[in-house]
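Novice: Below are the chains, spelled out letter by letter.
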Amino acid sequence: MNEHIRYARNRREFLTNCFCGFGAMGFGSLLAAEATRNPLAAKAPHFPAHAKAMIFLFQAGGPSHLETFDPKPLLNQLHGQKRPETFGKVEYQNVNANSRILGTKRTFARYGKSGLEVSDLLPHQAQIADDLCVIRSMYGDMVVHSAAQYQLMSGRIIPGFPSMGSWVTYGLGTVSDSLPAYVVMPDPNGTPEAGQPMYTNGFLPAVYQPAMFRAGKRPVLNMELPKGITMDRRRKTIDLIRQLNEANLLGEDAEFSARMSAYDTAFKMQTQAPEVFDLSKEPQETLDMYGVGKADTDDYGRRCLLARRLVEKGVRFVCVVAGGGGAETEWDAHSDIEKNHLRMARLTDQPTAALVKDLKRRGLLDETIVLWGGEFGRSPESEKGNGRDHHNTGFTMWVAGGGFKGGVAYGATDDIGLKSTVNPVHFRDLHATLINQLGLQQDALSYLHQGRRERLTEVHGTVLKELLV
Amino acid sequence: MLHRLLRNVFTFGLATAAFGAPEVNDVAPLGAYTAAERRHWAFQPRKDVPPPAFTDAAAKAWIRTPIDAFILAGLRKAELTPAPEADRATLIRRLTYDLHGLPPTPEEIGAFLTDKAPRAYERLVDRLLESPRYGEQWARHWLDVVRFAESDGYEYDTHRPDAYRFRDYVIASLNEDKPYDVFLKEQLAGDEIDPKNDGLLVASGFNRLGPLRKNAGNQEVASSRTEVLTEMANIVGAAMLGMTMGCARCHDHKFDPIRQSDYYRLQGFFAQTQANDVIVATAEEQAKYKAAMEPLEAEMRKLRFSMRRASEEEKGKILTRLEEIDGQVPPPLTAMYAVKNDPKEMTQIHMLQRGDYRNKGPRVGMRAPGVLLPDGTAEMPLDTAKPRLRLAEWITEPSNPLTARVMVNRIWGYHFGRAMVSTPNDFGKMGTRPANPELLDWLANEFVKSGWKMKPLHRTILLSSAYRQASQSPNEKAYAVKDSENKLLWRANRRRLEAEEIRDTMLAVSGRLNAKAGGPSVMAPIDAELVKDLKRPQYWSPTRDRSEHDRRTIYMIYKRNLILPFMQVFDSPDTLLSCARREQSTHAPQALELLNGTVSNDLAASFAKRLTGAPRERVDSAWKLATGRLPNERERALSMQYLDDPDPAAWTEFALSLFNSNAFLYVN
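Protein chains in written order, with the numbering used here: chain P, 1 to 469; chain S, 1 to 668.
Careful: at least some of the hints might be erroneous.
Said to hold, decoys possible - DMTMM-like, lysine to aspartate or glutamate: derived pairs with alpha carbons at most 20 Å apart:
no., chain 1, residue 1, chain 2, residue 2
1, P, K227, S, E529
2, S, K317, P, E338
3, S, K254, P, E458
4, P, K236, S, D647
5, S, K360, P, E91
6, S, K317, P, E328
7, S, K360, S, D252
8, P, K357, P, D299
9, S, K214, P, E91
10, S, K487, P, E255
11, P, K236, S, D645
12, P, K82, S, E314
13, S, K360, S, D26
Said to hold, decoys possible - To be clear about the criterion: a stretch of chain P counts as covered by chain S if any three or more of its residues have a C-beta under 8 Å from a C-beta of chain S, and this derived list gives those stretches:
no., region
14, 136-147
15, 155-166
16, 178-190
17, 197-208
18, 228-239
19, 380-394
Just so you know, the hints here were simulated from the structure itself, not pulled from any lab data. Note that beta-carbon positions come from the ideal geometry of N, C-alpha and C, so glycine has one too.
When you get a sec, could you build the whole thing from the sequences and use the hints?
Specialist: Set out below in structure tokens:
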């Protein structure tokens, strides 16, 4: 198999590098020709894929598994006591030997045909229980935000490595010629701890970096024309650039024609992207479903709805971030978990469920993976009396669609939710499984960087076949 | 299943139970290396191969420097002929970008085109090498390799307001043509060479350039120390030796003969190294800082003390208060970021299972990688005096097979757009083999013989016929089949300008470039949305003096968690890992940035205003400024036609079109 060498680059290599090495097998010549013009052109997966796109609902700060999807009645019995030693040791940021178990005020019930248990914190997600593949046995290696977020996003506990979204677009390209392949919609309150580097392309070429759809006056940077410039004027200017480049061209030249096609794409983005942002043509019923127009849910609802619209138009990977800008505006409930989680749930629960329902009724859920979760869960013991500390040794995430089984609770933590004890799932196992559903094999999706064939999974992850239909 | 079980055991720090007590007090074996492992080309001593001799007239006419003899031999073997020499306008533009990262002015071009003296080209090369702009351009390359940035990265991404001193040290070192061996010694061990010398202290800040994790409430002191040691050791491997030492942190290197013990022995040289902020603030500033800090520190001490006996609830309040105090701390005193040895704080270096600081294996001392030493070479104890100087001396031994090759290869790569070993940070098995190993050795030998001086090396390369070739061969199609990557150099490689060069050129041609050199980095105003990408948005405070915003890009701040979109779309490195070679990608966001971005539009407006005279004069002058040449007839006609428009925006848009054109963005 051809290997992609990062440093080797000149204008001839430009052509071959557009293929990113591994894809050379089974390529149609048409795809190949397209790839020389557009490095983001759709690429054949390594094997037939179940899903085409992925939406990651990133719950920054770390939502509690104990208050959401992992009921632990023993917690309330042990409330106020020290953790029994039999559960073993765990390293924490703030919880220590003097800390006491904190019971939960949430109550759990069974929902749907599957009878999946969901707490009353998330009444809307409870309604989609039969679509959820809940993994109760997640674990990561780091107990601090930034490092844990890097691991969740890129498989590595340090920054500088490509994110899931970059890997997926590197592997698959995009079918949209007027929208970016990989979009991140950050929380308007600010950034989570790991900041920009957790979303970016690391050492992969810049073409795999995310487009940030920010809140504020300019949702997408450079998408709107400068002041005083009309679309007509701009069309003329782009024509001039094209003509000047042609006047200077010495025969066929792949890189130059790629540049021209980049300008075409840019122009298309500029004219068509505003359409995607314009939610006014969505039926009122849909807007209501996402909670658009309601104070609490308007922001997250819009972003979730936008995620669906993007995926519908061929965007490959969308990350919608819930949380940022500090502990109180994230799921980072060091103090008063009730207050923090009720607020975060109020903002996100309805739009989250709406997204899954909406994808499903449009027949898109099967080909779209929806992933929900944060960089870790929260400690069984209390911090500051009524809060919970970071907790990486056992927590919950869920997946819906994309060929994942619905109505399933996979794996388990011990009786107080301290450690994953049954079928533990590391981030790398989750990553391997997610890209598997996108038709990508974890070892083939690699990039040679400084002597190592780097992969999203770093060392081999296990594809969790039991989770898949 | 067993696999998974073991993995979980690891994850939860129970390795002790699974493996029995780790032999933490054993000393790791010194390791033995097979003949086959030692045979790898890059570990072999440099050969002394004389340049091939030619007798025919064509060869004699083409060969200007020994480089050409090596190149020609390679070309002839493959039945290729070199491309003709590029014209003078192309050459001066190529040279000026290559050495300064800026375009030549129309006056400089005019002077060179009309200079009939036989040594006009040589004089041009010398002039460019002597200009302080040279250091500004080539410092950028080194700063990429050593992953220089002006913030910590990770969640707080704390500013390093004095990091610019290191940037200025690199620029000055290159401008004065400091020998490369001295350059490396100063960076690795400046403080050990002379702790009283400010310049050397700043240079030693090299050891602190990596990202640094400072998490709130992070109690994992040992974990943080491991990360710091990892950063210090890995960069020596990548930047100075072209060895991917970092791969051996968790296990023996999979491809190269680097044992895990080699990796930790390299860390051993840094066991005593600690950060050392040498305050340079005035006595008055220090007094003011002290006055502001004393009450805060006193309160913090009290709070930390009471923390020990605090209840859960009290603890919460204390932590909140501590965070408040943290926000009130005044900006740090101006300082030099140096390192020092602190034998009392020395870290015992152990081999770590899977690189995890909790899983200590046998102890190690300090030693260079074993494959480059005779078998059985003893390690030195961790408390050896001046440990980093010992390492630097070993690295810069003229007989070290890697150091000179690695640097010569980098320099070659920046000049030709493709290094001979096209993986400049990896001279190991997974790296590429040099296209022309004899030439690489010849250059490395010359480099060492000349006292590790870089300017003579540049000169040798730039004066060659190989460098002066046109970027288009008359045999383009046929040769592209034979040697598609142009490894043998049958023509020059065209290249796109790098992010800094694009911005600097727009500044230069619009007449706005502020050429001021050195000093604290500048923060320009940016979109409010972007500032939100920072965990601490208050860190972004634009420099008040607006003329500062128009300085060369190397003087603009480079924050790890907020790399400006302009830089990012044009393949600037993320500064988290060493960047040996920038990508040159082509994608739509670049077009959007250059068409709609504030940087290009602002400068296009200034550029348009700068043009005077009749439309045709203005068009010609715009082309000359932006591309170094007059427009051809078609280009002129297209330009005039576009400008035949009453729209007041037309001239600015025309200027913007030039910024977006290939003639502007590419160097032939």
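Novice: Each hint should be assessed against the structure and marked as holding or not.
Specialist: Here's how the hints hold up against the structure:
1. At most 20 Å may separate the alpha-carbon atoms for a hinted pair to count; K227 of chain P and E529 of chain S meet this at roughly 18 Å.
2. Proposed proximity of K317 of chain S and E338 of chain P is supported: the alpha carbons are some 18 Å apart, at most 20 Å.
3. Between K254 of chain S and E458 of chain P, the direct Cα distance comes to roughly 14 Å. Compliance with the 20 Å bound is thereby established for this hinted pair.
4. Simply put, K236 of chain P and D647 of chain S have alpha-carbon atoms about 12 Å apart, close enough for the 20 Å limit, and the pair holds.
5. For the proposed pair K360 of chain S and E91 of chain P, the alpha carbon gap of about 17 Å is at most 20 Å, so the pair holds.
6. For the hint linking K317 of chain S to E328 of chain P, the alpha-carbon distance of about 15 Å falls within 20 Å, and the restraint holds.
7. For the suggested pair K360 of chain S and D252 of chain S, the alpha carbons sit about 16 Å apart, so the restraint of at most 20 Å is met.
8. Under the criterion of a C-alpha separation no larger than 20 Å, the hint pairing K357 of chain P with D299 of chain P is consistent with the structure, at around 18 Å.
9. Of the pairs offered as hints, the one joining K214 of chain S and E91 of chain P holds, with about 17 Å between alpha carbons and a cut-off of 20 Å not exceeded.
10. Straight-line distance between C-alpha atoms of K487 of chain S and E255 of chain P comes to about 18 Å, which keeps the hinted pair within the 20 Å bound.
11. Of the supplied pair hints, the one linking K236 of chain P and D645 of chain S holds, its CA atoms being roughly 11 Å apart against a limit of 20 Å.
12. Only pairs whose Cα atoms come within 20 Å are accepted, and K82 of chain P paired with E314 of chain S is accepted, the gap being roughly 18 Å.
13. For the suggested pair K360 of chain S and D26 of chain S, the alpha carbons sit about 11 Å apart, so the restraint of at most 20 Å is met.
14. Against chain S, the region 136-147 of chain P contributes 6 residues with a C-beta closer than 8 Å to a partner C-beta. That satisfies the three-residue criterion, and the hint holds.
15. With 3 residues carrying a beta carbon less than 8 Å from a beta carbon of chain S, the region 155-166 of chain P meets the three-residue requirement, and the given coverage holds.
16. With 4 residues bearing a CB less than 8 Å from a CB of chain S, the region 178-190 of chain P meets the requirement of three and the coverage assertion stands.
17. Look at the region 197-208 of chain P against chain S: 7 of its residues bring a Cβ nearer than 8 Å to a Cβ of that chain, three or more, so the hint holds.
18. Using a Cβ-Cβ cut-off of 8 Å, 7 residues of the region 228-239 of chain P lie near chain S, which meets the minimum of three, so the contact claim holds.
19. For the region 380-394 of chain P, the stated coverage by chain S is satisfied: 6 residues place a CB nearer than 8 Å to a CB of that chain, which reaches the threshold of 3.
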